[in-house]
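Given the structure of chain A, go ahead and fit chain B onto it with the hints provided.
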Amino acid sequence: MRDPTHLDFINRWIIYIEQNPNWKEIHDSFINSQFENAYDLINKLSKTKEGQLKIVDIYSIKNIKGYPKLLDKLQD
Amino acid sequence: MRSTEDIEMFIKKLPKNKFIEFHNDLSNNSFVCMQSDDPEEIYDSYLNENLSVRYTDNTMPLPEMEIKFPADDLDLYQFDIKTKLPQTGLDLWFSSINMNIAFKEEYLKSQKDIEDALHLRKFYVGLIDEKEIIKIKKMIREYKLK
Numbered sequence: 015m016r017d018p019t020h021l022d023f024i025n026r027w028i029i030y031i032e033q034n035p036n037w038k039e040i041h042d043s044f045i046n047s048q049f050e051n052a053y054d055l056i057n058k059l060s061k062t063k064e065g066q067l068k069i070v071d072i073y074s075i076k077n078i079k080g081y082p083k084l085l086d087k088l089q090d
Numbered sequence: 036m037r038s039t040e041d042i043e044m045f046i047k048k049l050p051k052n053k054f055i056e057f058h059n060d061l062s063n064n065s066f067v068c069m070q071s072d073d074p075e076e077i078y079d080s081y082l083n084e085n086l087s088v089r090y091t092d093n094t095m096p097l098p099e100m101e102i103k104f105p106a107d108d109l110d111l112y113q114f115d116i117k118t119k120l121p122q123t124g125l126d127l128w129f130s131s132i133n134m135n136i137a138f139k140e141e142y143l144k145s146q147k148d149i150e151d152a153l154h155l156r157k158f159y160v161g162l163i164d165e166k167e168i169i170k171i172k173k174m175i176r177e178y179k180l181k
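Respectively, the protein sequence lines represent chains A and B. Count along the first sequence from 1, then add 14; that gives the number in this note's numbering. Count along the second sequence from 1, then add 35; that gives the number in this note's numbering.
No lab work stands behind these hints, which were simulated from the structure alone. Using N, Cα and C, we set each Cβ at its ideal position, and we do this for glycine too. One thing to keep in mind: the hints can contain errors.
As the list claims (entries may be wrong) - In silico EDC-like pairs for lysine to aspartate or glutamate, Cα to Cα no more than 20 Å straight-line:
id : chain 1 : residue 1 : chain 2 : residue 2
1  : B       : LYS103    : B       : ASP41
2  : B       : LYS147    : A       : ASP22
3  : A       : LYS68     : B       : GLU40
4  : A       : LYS76     : B       : GLU141
5  : A       : LYS58     : B       : ASP79
6  : A       : LYS83     : B       : ASP79
What the hints assert, rightly or not - Listed next, the stretches of chain B that the computed footprint assigns to chain A, with coverage defined by at least 3 CB atoms under 8 Å from CB atoms of chain A:
id : region
7  : 69-76
8  : 87-98
9  : 146-159
So that you can see chain A by itself, here it is in the shape it has in the complex (with noise of 0.2 Å):
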């Protein structure tokens, strides 16, 4: 385990799922929060071609020509 409050999270989280029938709205929001926040960097990454060529090194990206919008700087 690497920090014990991680258990203690997982029994808390057992616990919140069986009390609360509603779980699944949270749990949503926190992994679309997620995927926001993911978005709104690749989003500011992408408006230079520095960026844009970090996108595709942290993606393994191959198929650039596959992204025409968000990596439109690396087209050519």
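Showing chain B alone in chain A's frame:
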């Protein structure tokens, strides 16, 4: 914090012409393969070599749908014991909980994976079958760790 960026998906091995249809259908619905736009290359150089490929929407590189063909009897066994998980609210086939736990504890083994397995053991306590987990771990050692 836990992050979720990809969905790993086994599909039963398709003949090349069927895969090309599948790829074209994905392409026509704004999905793109991160490795290549050429379905023949994807099939010959990746899937047929037991390598996975990743598809995403063509405007954003995540989330990813990672696709591969089954490579051994353990992969095929996953089709036999696939399950639906009503708690997810999704009408999809999932790898069994016991399979997930066995892979996280025997194959992946990072601290995060061990914690994930513990979470699954607690959340799906009624679906846990220790004999099945032991059986799968043995298969992992035979097929994935040899």
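Hints and how they fare:
| no. | hint | verdict |
| --- | --- | --- |
| 1 | LYS103/B with ASP41/B | holds (13 Å) |
| 2 | LYS147/B with ASP22/A | holds (14 Å) |
| 3 | LYS68/A with GLU40/B | holds (17 Å) |
| 4 | LYS76/A with GLU141/B | violated (32 Å) |
| 5 | LYS58/A with ASP79/B | violated (36 Å) |
| 6 | LYS83/A with ASP79/B | violated (28 Å) |
| 7 | 69-76 | holds (count 4) |
| 8 | 87-98 | holds (count 6) |
| 9 | 146-159 | holds (count 8) |
Of the numbered hints listed earlier, those contradicted by the structure are 4, 5, 6.
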